[in-house]
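Starting from the known structure of chain A, fit chain B onto it as the hints suggest.
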Amino acid sequence: MSYEIIEKLKQEIAGFKDDPKWAEVGRVIEVGDGIVKIIGLRNAVSQEVLKIETSKGERTALALSLEEESIGALVLDDFLAIEVGDTVKRTSDVLSIQVGEELIGRVIDPLGNPQDGLGDIFPAPSGVEGKKGEKVQRNPLEARAPSVLEREGVNTPLHTGIKAIDAIIPIGRGQRELIIGDRQTGKTAVALDAILNQLHDKGRRRPVCIYVAIGQKESKIVKIAETLKKYDALEYTVIVSASASSPAAMWYLAPYAGCAIGEYFRDKGQDALIVYDDLSKHAWAYRQISLLLRRPPGREAYPGDIFYLHSRLLERAAKLSKELGGGSLTALPIVETQLGDVTAYIPTNIISITDGQIFLESDLFSQGQRPALNVGISVSRVGSAAQTKAMKKVAGKLRLSLAQFRELQAFVQFSTDVDEGTKKKILQGQKINEILKQDDLVPMPFEEQVCIFYAVLNGYFENVAVPDIKSTEKNIIEHLEKLHEEDILKPIRETGQFDDVLEAKLKGALERFLEK
Amino acid sequence: MKYLIQDYAKALAAVVVEARSSDGAMIQRNFRSLLQKNSDEARGGKILEATARLLRAKQGGREVILESARKLSASHRQELEKFLRPDDQAVERVNPSLVAGVRITVDGEYEFDGSLRGKMDKIFGNI
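Going down the list, the sequences are from chains A and B. Start counting the first sequence at 2; every next residue gets the next number (the working numbering). Start counting the second sequence at 5; every next residue gets the next number (the working numbering).
Rather than coming from a laboratory, the hints here were simulated on the basis of the structure. Among these hints, one or two may not hold up.
Okay, derived cross-link-like pairs now, EDC-like style, lysine to aspartate or glutamate, Cα gap no bigger than 16 Å in a straight line [said to hold, decoys possible]:
#	chain 1	residue 1	chain 2	residue 2
1	A	Lys22	B	Glu53
2	B	Lys14	A	Glu13
3	B	Lys123	A	Glu13
4	A	Lys52	B	Glu113
5	A	Lys52	A	Asp78
6	B	Lys50	B	Asp111
7	B	Lys50	A	Glu70
8	A	Lys269	A	Asp440
9	A	Lys475	A	Glu435
10	B	Lys14	B	Glu71
11	A	Lys90	A	Glu59
12	B	Lys123	A	Glu103
13	B	Lys50	B	Glu22
14	A	Lys52	A	Glu13
15	B	Lys50	A	Glu69
16	A	Lys52	B	Asp125
17	A	Lys425	A	Glu486
18	A	Lys90	B	Glu67
19	B	Lys14	A	Glu70
20	A	Lys203	A	Glu486
So, partial list: chain A residues that the calculated Cβ filter (under 10 Å) puts toward chain B [what the hints assert, rightly or not]:
#	residue
21	Asp19
22	Pro21
23	Ile30
24	Leu42
25	Glu54
26	Glu70
All residues carry an ideal CB built from backbone N, CA and C; glycine is no exception.
This is chain A alone, in the form it adopts within the complex (with noise of 0.2 Å):
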């Protein structure tokens, strides 16, 4: 060990080439809390990155706030060491992240640097041949996000796996979907189904995702890593952590830092999809260094441009045009409401940011429908533009049945005497509801969906007793999978097509199924 030392140090002093050179100074003059001013510099640009000189080594800042008379910094290292009257270099450089391929599978915090105890990322320095024969690369965390002509229409699908989202709330590739509820409502169980499934979505190009997670509990994230771990999904993942223990500055900069490393693929023409969990922590972190920094507060405290700094992230996520290499950045933003009040100021926010939100609701998680997903108020905004012909040619009856049945239902609470129409719509609906119900981490395929919602709409489940819907279920696709893989859902599979002779096939298996 104290050989390789000798040998690198060896390296170093044979391999310094001295130039020294006027360098723009400045002073620290305050410290404290994770944010330092600055005296001088005053050629600094915006999102700079600053070296402090301390007596215990050099420390890195972010240029934020360019004032008259100083900068306020966001020190992105320990700044216990730093002390008043440090000297403070520009490097001329904006943050930026180094990104490539080799980052899948891998645990990193916002700048890059490795969190998973398996050794270096990159072992070659910025710019030359990564292992994969491919030149590496530096993302800006603070990136333009594409212009309109850049762009095109939200046209392909994302599965997420989860029926009731597949079917009524669906989500196409470009997309930002809002998962918005209170604690404990399974919303982080929604986005990780939405990664795991990418594995099963085998008709089209799986996406790179990544998870970034923002004031999360460091138990909460190794379980979400061990979980993707075992489900074989951290093969095409990366996880962002800034951790609950992590300092506000990479909390406000997990976000960028996710969003640079899926850019990276967006451009490539590949699909990626990001998970922010959550912008409701972002949105604290950041109010944070704005009151530090002194910057005038607003409502609940937060800055003026807290609207910008989340808009500018989503806006990130897009569908490029063919031209462009036509890859995409789906984003999945969850934000935490406080008892349901999705009138505060964050969620209204992001809301309006969005192209749509998937609301879950505590008492429908305490009720036992799980994803306790609100479908009323739930809705994609442009997600029904990518939804395949097969789900929407089952979807749209669904939607229907859903609609009566919640008219129905507040009327039965106060009747109980109901024609019969009444009641098949009500038992109808109970049912529909029942098939609903999922589990978090076992996505169902879209096409065993399209399947299942074909059965449940046209009478399949006629004879079946709610209780017994499941069981049911599980046992349809099971034939289906055993008997009809090649000739149904092979097909919809490929094709996202559920036609005239593939509905008869359909029809022949389930008649056969009922029979047994």
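Relative to the frame of chain A, chain B by itself:
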């Protein structure tokens, strides 16, 4: 309204340039009472520094700090003085932490680090 240090400095520098030599005490007194009135006494030191910098700049001069590990010899001083302008205000400081060589700072905003300490930091910072 909170005045900027730079605004105070510009005003004070303009008054100093226009004043007669006998007005010194009066300017000092008035400046102190202005700071008291605006509750800006704590910023007085920085305002004076900024004013001195402005006055120096007006005459084409700069504040140059020459730091060396040991006291400069006459020949070294002569060598360094070649880089100074006639109106520059040079300050010499001995800073043993530099180990060897010199470090020059101009107006607190530009630095030339020719010290051994700086070189060592660069070498070992890469490891």
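Hints the structure fails to honour: Hints 1, 2, 8, 10, 12, 13, 14, 17, 18 contradicted; others consistent.
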